[in-house]
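J.: Okay, here's what each chain looks like letter by letter:
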Amino acid sequence: MLKGIGASEGYGIGKIMIVEEHTLEYTPHAVNDVEAEVKRYRDAVAAFIEQTKEQAAALRISAGEKEAEIMEGHIQIINDPAMGTEIEKLIEAGTCAEASVEQMLDMFINIFSMTDDDLTRQRASDLKDIKNALLSILLGINEVKISDAPAGTVLVAKEVTPSMTAGINKDNIVGIITETGSQTSHSAILARAMEIPAVLSVPNALSQLSSGEQVIVDGSCGEVVTAPTEEQIADYTARRDAFLREKRELEMFRGRRTISASGEEYELCCNIGSPKDAGKAMEADGEGVGLFRTEFLFMDRTALPTEDEQFEAYKAAAVILKGKPLIIRTLDIGGDKEIPYLGLEKEENPFMGFRAIRYCLKNRDMFKSQIKAILRASAFGDVRIMFPLITAVEELREGKALVEEAKDYLRASGIAFNENIPVGVMTETAASGVIADLLAKEADFFSIGTNDLTGYTMACDRGNSDVSYLYSPFQPSVLRMIKSIIENGVRENIPVGMCGEAAANPMMIPLLMSFGLTEFSVSSVSVLKVRKNIAKWTKAEADEVAAKVMSMATEAEVVEYLSSVV
Amino acid sequence: MVSKEVTLVNAQGFHMRPASMFAAAMAKYQCDIFLKFNGANHNAKSLLNIIAACIKCGSTVEVICDGPDENEALAEAVQLIESGLGE
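Sequence order for the protein chains is A and B.
Residues 1 to 566 in the numbering used here are what the first sequence lists, from first letter to last.
Residues 1 to 87 in the numbering used here are what the second sequence lists, from first letter to last.
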């Protein structure tokens, strides 16, 4: 068995086809006829562009628009003034076309590989792809025809390049194994886009596996089973069929409303951490965003983001959501995160310290700047403001007062915003749970942050292995908190959502449905699963389960019971 | 020669797509166009040079144009960057 990174889930059983890396070796030759050599280079570029256009078109169908654009980007790179003209200069100075291409591209590959910016480093593999393609054309080497692979083929290569993917026929390729690559590499992204199980970074895969050999690719666990027994083949075939069946079943929930088995409707949204994620939320069939974490705007930089910068990011998300709800959480940061320019001191007890709303209310200029940016974005969609870490009514009142001040300013400046923008509370502290009745009278909505709510209620650090056994949302104390928050919200007729991880937990779902939660906000990958889970329960069944659970005294009983009925 | 300082507002800075869009827009001008960042001048007509400069969101660059149509070039460059480079 070989181990690697499970980069694209699923199971594939098939025969190996090795995709060799071409030996692009050559002896640099003297250039006698410069004009002819330049022409040879230009012909190769033309052929490369032609080839790339075909590959992009094929990729558009087999993988998707974004992947096709990656390939088309190659054309822009080769046409870049820093590239083509420089290569021709080298040729005119007497270097042969192959060596000129290699020299220029290697220079950029080095520059890109050495930066600390992840996106830029990934571009280095695009350049390697281009270099290999150009050299292959100049040297007259033909690429291995992946498009000729028979049905039931498992591809084994050093990495999956965009040009390789163009030749992949999804009907025939059942698995991919590579020697390099991480979860965010080209190989992973392309394999997932094509929905082919893939295991990456298997050391020496090319030398350990031979063409024609039968293997099982487990992209979910990141394992490759070599020389599988009859039993293993039967086992993995069953797993693969179950996986594909579940995927198809989940797909049936795409485009449907989120409804219980007895007809109650819920809102099912996503938690996101950047405007780009808003796009993923829509692709995942989310009905909105229940939590837009704004910390990304403040991290990895040397100064505060300007109001304009923030506005552009919030607006971008609002526009992508096309009118669906977007709950933006104001800055939730503290001494535990590295934000040197905020001047936060290292605290003894950061989770109980100067952070989130406390920090913001004491730094009104910065806070107002964020609030104004959110207000301006509210002209472009259904934007809502949420304050984190509220523990007292005064904090909500002060925050709301600042929102009114910001509105006055924008109104006077003639800048558009939603006058009735909802302002709500992220109930994630024990305090907010206990005074939920008071907060519900002055907040436009609640969203339950179970991650921190569990920690604060159980007074335990989930990262501390000595006490992490206490950290569970199924502890009776936490369940009572959750129930009370929801009931108080419902009594005051405000929407109550949940944005913590617990919202996607199949054991928590019937309880939340019974308590009266109106919105579930989960990670994009969980949307269809949660919709399916909600559809399993009638309100009456959920109520019955909830009643039993709330009468239990220990977490162990709760978990045992829920495991048996879910 | 004319120049102006601008700040990048789009979240991912000058990555592939905005860099190639910007380079293509600048390519139509006759004048030389540079982005001065971290003390170095980067050819704004080359997407590779722009990407290699690693200009992130929030960074300030000086756009320098030198040549016959320098004023138009500077105006467009500044407008593109300030409006978020199409993102």
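No wet-lab data here; the hints were simulated from the structure.
Among the clues, some could well be false.
[Stated by the list, open to error] Below, computed lysine-lysine pairings styled on DSSO-like, alpha-carbon distance capped at 27 Å:
{"no.": "1", "chain 1": "A", "residue 1": "K89", "chain 2": "B", "residue 2": "K56"}
{"no.": "2", "chain 1": "A", "residue 1": "K66", "chain 2": "A", "residue 2": "K400"}
{"no.": "3", "chain 1": "B", "residue 1": "K28", "chain 2": "A", "residue 2": "K89"}
{"no.": "4", "chain 1": "B", "residue 1": "K56", "chain 2": "A", "residue 2": "K128"}
{"no.": "5", "chain 1": "A", "residue 1": "K276", "chain 2": "B", "residue 2": "K56"}
{"no.": "6", "chain 1": "A", "residue 1": "K66", "chain 2": "B", "residue 2": "K36"}
[Unchecked claim] These stretches of chain A come out as covered by chain B in the derived footprint (C-beta under 8 Å, 3 or more residues):
{"no.": "7", "stretch": "71–81"}
{"no.": "8", "stretch": "107–114"}
{"no.": "9", "stretch": "303–311"}
Just so it is clear, the structure is predicted and the values come from calculations on it, not from any experiment.
Just so you know, even glycine gets a beta-carbon here, dropped at the ideal spot from N, CA and C.
J.: For each hint given before, does the structure comply? Return the numbers of the non-compliant ones in rising order.
T.: Going through the list in order, the structure violates hints 1, 2, 6 and respects the others.
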